[in-house]
Amino acid sequence: MELPPKVKNILLLDAEGKRIAVKYYSDDWPTNTAKEAFEKAVFTKTQKTNARTEVEVTALENNIIVYKFAQDLHFFVTGGEEENELVLASVLQGLFDAVNLLLRGNVDKREALDNLDLIFLCFDEIIDGGIVLETDANVIAGKAGINSVDPNAPLSEQTISQALATAREHFTKSLLK
Amino acid sequence: MAQPLVKKDDDHDDELEYSPFMGIEKGAVLQEARVFNDPQLDPRRCSQVITKLLYLLNQGESFTKVEATEVFFSVTKLFQSKDTGLRRMVYLIIKELSPSADEVIIVTSSLMKDMNSKIDMYRANAIRVLCRIIDGSLLTQIERYLKQAIVDKNPVVSSAALVSGLHLLKTNPEIVKRWSNEVQEAVQSRAALVQFHALALLHQIRQNDRLAVSKLVGTLTRGAVRSPLAQCLLIRYTSQIIRDMANHSQSGERPFYDFLESCLRHKAEMVILEAARAITELDGVTSRELTPAITVLQLFLSSPKPVLRFAAVRTLNQVAMTHPMAVTNCNIDMESLISDQNRSIATLAITTLLKTGNESSVERLMKQITNFMSDIADEFKIVVVDAIRSLCLKFPLKYRSLMNFLSNILREEGGFEYKRAIVDSIVTIIRDIPDAKENGLLHLCEFIEDCEFTYLSTQILHFLGIEGPNTSDPSKYIRYIYNRVHLENATVRAAAVCTLAKFGFMVEALKPRITVLLKRCIYDSDDEVRDRATLYLSILGNDGLVDTDKDSKEFLFGSLEVPLVNMETSLKNYEPSEEAFDVDSVPKEVKSQPLAEKKAKGKKPTGLGAPPPAPVSGFDAYERLLSAIPEFATFGKLFKSSSPVELTEAETEYSVNVVKHIFESHIVFQYNCTNTVPQQLLERVNVIVDASEAEEFSELSSKELNSLPYDSPGQAFVAFEKPEGVPAVGKFSNTLTFIVKEVDQNTGEPEDDGVEDEYQLEDLEVVSADYMVKVGVSNFRNAWENMDPENELVDEYGLGQRDSLAEAVKAVTDILGMQSCEGTETVASNARSHTCLLSGLYIGNVKVLVRAQFGMDSTKEIVMKLAVRAEDRSVSDAIHTIVACG
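Keeping their order, the protein sequence lines are chains A and B. Each residue of the first sequence is one higher than the one before, counting from 1 in the UniProt record's numbering. Each residue of the second sequence is one higher than the one before, counting from 1 in the UniProt record's numbering.
It is worth saying that the hints were derived from the structure and are not from the lab. Among these hints, one or two may not hold up.
[Stated by the list, open to error] Computed footprint of chain A on chain B; a stretch qualifies when at least three of its residues, placed anywhere within it, have a C-beta under 8 Å from a C-beta of chain A:
# : region
1 : 163 to 172
2 : 230 to 236
3 : 265 to 275
4 : 304 to 313
5 : 757 to 769
Just so it is clear, the structure is predicted and the values come from calculations on it, not from any experiment. Idealized CB from N, CA, C, for every residue including glycine.
Work out the full structure: start from the sequences and follow the hints.
Shown next, in the form of structure tokens:
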């Protein structure tokens with residue numbers, strides 16, 4: 001019996017429902033076709049809702065999905081139907097805020113694609129194999145955006161400003177490309 | 001797939017949308033990956049290439065084994081670079097590539113070095129990567145480091161090791177179990193997430209040791225758990241313990257309830273919800289225990305956060321199924337949620353209200369729902385329609401307003417699934433509430449006047465053909481049916497012809513007019529329609545002959561005895577020859593559950609050849625099956641069919657279950673047999689029944705099963721005669737007899753010679769409950785008072801020692817086979833007395849109501865006072881006899 005809260009997947013889709021970054025932790029969708037079908041269903045179902053201020057929630061195929069949108073980015077976190085919605089919501093909020101920090105508030109598709117490495121790292125720091133690893137956005141952003149920070153500094157003591165510094169460094173890099 | 005992002009952006013100008021991955025192509029990226037092999041590494045460029053590789057994988061691109069190996073080997077070179085950002089990406093791509101065991105060796109040493117690095121980020125990530133890719137033998141080598149990492153002062157490292165432990169527990173439990181001392185220490189950690197991970201791992205390690213888990217939870221519930229996540233976990237463990245304990249002891253006070261209740265005052269909403277949900281899910285929760293949980297959920301209902309509202313209404317919806325009364329306090333809050341922006345919340349609120357609503361609030365609720373229906377999606381509407389159907393069956397008196405509602409939404413726009421749900425609901429209501437019939441049929445008639453779904457039209461026409469002729473004025477439906485012949489496609493026209501014929505046959509007065517109408521159909525453009533019209537005309541033309549009358553009736557109303565699927569295969573296998581196709585050779589029933597079968601089949605449109613099956617219940621299916629067998633057709637109306645009783649152990653060579661069909665003066669046993677031996681074909685399958693222990697029964701006839709191939713169930717029947725209207729009971733012993741033929745595995749042909757064999761089945765009992773049909777009443781008190789008190793019989797019984805009242809209530813309900821009313825089947829867990837209300841229909845269609853009062857003394861001795869009212873005093877008496885004997 002699985003008692004610890006489990007996340008089945010994290011999805012980041014664009015305004016047309018296309019994949020930007022996704023990560024599945026459950027075998028419910030074994031093939032890429034199944035995954036795409038699920039993403040399409042989730043996107044269609046939530047498309048018309050306004051999830052820009054508060055985290056919204058819905059149920060689909062015996063799953064609970066919490067979601068939040070920003071500009072042309074759609075964030076989703078899926079859990080089983082028995083899951084505590086608020087745990088999923090805290091994961092989503094953690095992800096959303098961390099991405100916001102890492103993209104310096106410019107949360108849109110273009111920035112996300114430009115910094116896709118950060119998004120992937122962000123996913124990696126939030127959930128490990130379906131288990132919640134961290135939900136504090138500052139910690140997540142700090143760990144994902146580690147590039148320029150003194151590697152000897154303990155991770156948990158990084159502050160927002162450090163995280164922002166990291167992000168700024170990244171920004172310059174992308175401009176220089 | 002190769003160029004997923006080359007597309008126009010509709011929001012902006014005509015420019016191509018910018019993407020760093022525009023025109024990305026796998027081959028090219030794999031070429032680029034060669035930079036990993038450069039002697040002078042460029043960390044930034046390498047990171048970019050890894051990002052591209054990750055992007056490709058993420059978009060669903062797959063690498064061949066060779067490609068993946070190649071990438072993996074070049075990636076391992078990157079461990080030379082000291083760049084932390086690049087290292088982080090290397091960890092990520094290794095996890096994504098999931099290298100094979102022989103490849104893992106290459107990176108093990110690099111990762112082990114990182115595991116002992118001074119840099120926390122390296123340590124944490126190296127642990128996560130290593131644990132993801134290594135096997136048991138390597139794990140023992142690094143076990144020492146992992147144990148250290150668990151108690152590392154850096155929480156990130158510690159969490160990494162603990163979470164890895166959780167994953168490894170699935171593959172290498174014996175190793176991870178050795179870490180429990182370290183994990184125990186980590187549970188005391190001051191870092192919130194470490195505590196959460198440690199608690200999860202510790203519990204997983206000890207989950208089979210009930211005592212240890214109980215001790216762990218006991219300690220922690222008193223101490224301070226820091227993180228809300230860990231607290232949620234603790235609540236889950238606590239409710240698990242409560243469940244286990246309930247199975248092992250029955251002491252009055254529920255342990256740990258206080259802890260759950262105290263969590264309702266936690267500052268984190270996550271914890272409050274978890275605790276409230278845990279309380280509502282307790283086995284046999286009392287209303288006193290429920291109240292505090294319902295109160296916090298009620299507060300959540302008016303929260304500005306949609307997730308909280310959703311969570312609360314979802315939980316209350318569940319509670320409403322078992323404790324509708326407990327939820328009624330929240331009804332006002334829920335009514336305001338009907339207009340919630342989030343339609344999932346609104347739908348849940350409505351269905352909850354429909355469950356908790358009482359008879360008087362139905363009309364008001366329907367008014368609110370009408371406004372709501374227009375702006376939700378079909379899938380939500382279906383949920384609402386289903387809820388309304390059950391509401392209608394619960395409050396039959398309100399059928400008028402509910403039926404009106406259904407017919408209104410039937411006229412509005414909607415997809416097929418939605419319309420089908422509505423039609424199914426109307427059909428169910430018509431079947432269950434006789435008063436609703438004429439009204440409902442007219443609604444259906446109006447619907448087919450403008451119905452775009454062929455499947456639904458044919459279903460309704462078929463249903464009309466069965467129900468319509470028995471109404472007070474059948475002629476009013478003819479117009480609707482005949483209109484179909486003019487306006488619809490061939491499939492619907494053919495169905496309409498069938499329906500017309502049924503009216504013509506059943507209603508003598510309409511016959512001449514129907515004949516005229518059918519004659520017009522002879523000129524139809526479709527040959528199936530013409531064929532049917534001609535056929536029915538000739539049947540209707542045969543006046544007065546009783547014999548043909550009966551045949552035609554069977555022809556028109558009888559069902560095809562064989563499942564369509566089997567029929568189809570048999571027809572396909574049939575090769576045109578001198579020998580005509582024999583319907584009897586088609587295997588009968590496919591599954592012992594015709595209901596599920598029908599449901600599944602109903603999804604695809606039915607062909608022209610056979611009239612489509614109407615939506616039927618299991619009972620109807622049995623009724624049709626039996627009336628199609630000539631030997632049993634004379635038994636009259638089927639009173640009750642029991643659920644299947646298994647007569648064999650699971651996984652034996654032949655699996656047999658039996659369904660008892662009760663008629664007024666007969667009883668038919670339907671043996672559903674399945675042959676589970678692929679090498680055998682059974683022929684002439686019969687059940688020999690010894691009724692020596694059932695004196696009142698005498699065997700009348702039996703119907704053997706001609707052939708029982710592997711894995712294709714079939715039925716044999718045995719019929720008994722019994723005194724009319726008497727609830728005779730008895731025990732029957734059964735033996736399965738048959739001829740076994742070996743089947744050649746290569747050709748699938750059975751051998752010519754068979755051997756006679758028999759197989760002993762378990763005994764079968766006919767009990768009093770078989771003569772009782774569960775029929776609920778919506779208002780027990782009214783029904784009770786409307787019964788003549790003259791026919792009331794009261795008596796008291798001692799039921800002896802029982803474990804609980806609930807057990808006694810269940811035992812009595814089962815013996816009587818009656819429907820418990822108004823939720824009185826649930827007994828409060830520590831109650832000393834309980835009243836249970838039962839209702840049913842006794843053989844001979846006599847309505848019976850029972851009021852059973854139970855009381856338990858300190859020695860768990862249970863007494864019962866049983867008051868029975870029935871339409872017939874002798875039946876009241878019979879009920880008492882049943883209880884006295886049971």
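- Report holds or violated for chain A covering the region 163 to 172 of chain B, Cβ cut-off 8 Å, minimum 3 residues. holds (count 4)
- Message: Please verify the coverage claim for the region 265 to 275 of chain B: does it have three or more residues whose C-beta sits within 8 Å of some C-beta in chain A?
- Response: holds (count 4)
- Task: Can you take a look at whether the region 757 to 769 of chain B is actually covered by chain A? Rule is 3+ residues, C-beta closer than 8 Å.
- Result: violated (count 0)
- Message: Can you tell me if the region 230 to 236 of chain B counts as covered by chain A, using C-beta to C-beta distances under 8 Å and a minimum of three residues?
- Response: holds (count 3)
- Query: Does the region 304 to 313 of chain B contain three or more residues whose Cβ lies closer than 8 Å to a Cβ of chain A?
  - Reply: holds (count 7)
Checked against the numbered hints given earlier, the structure breaks only hint 5 and satisfies all the rest.
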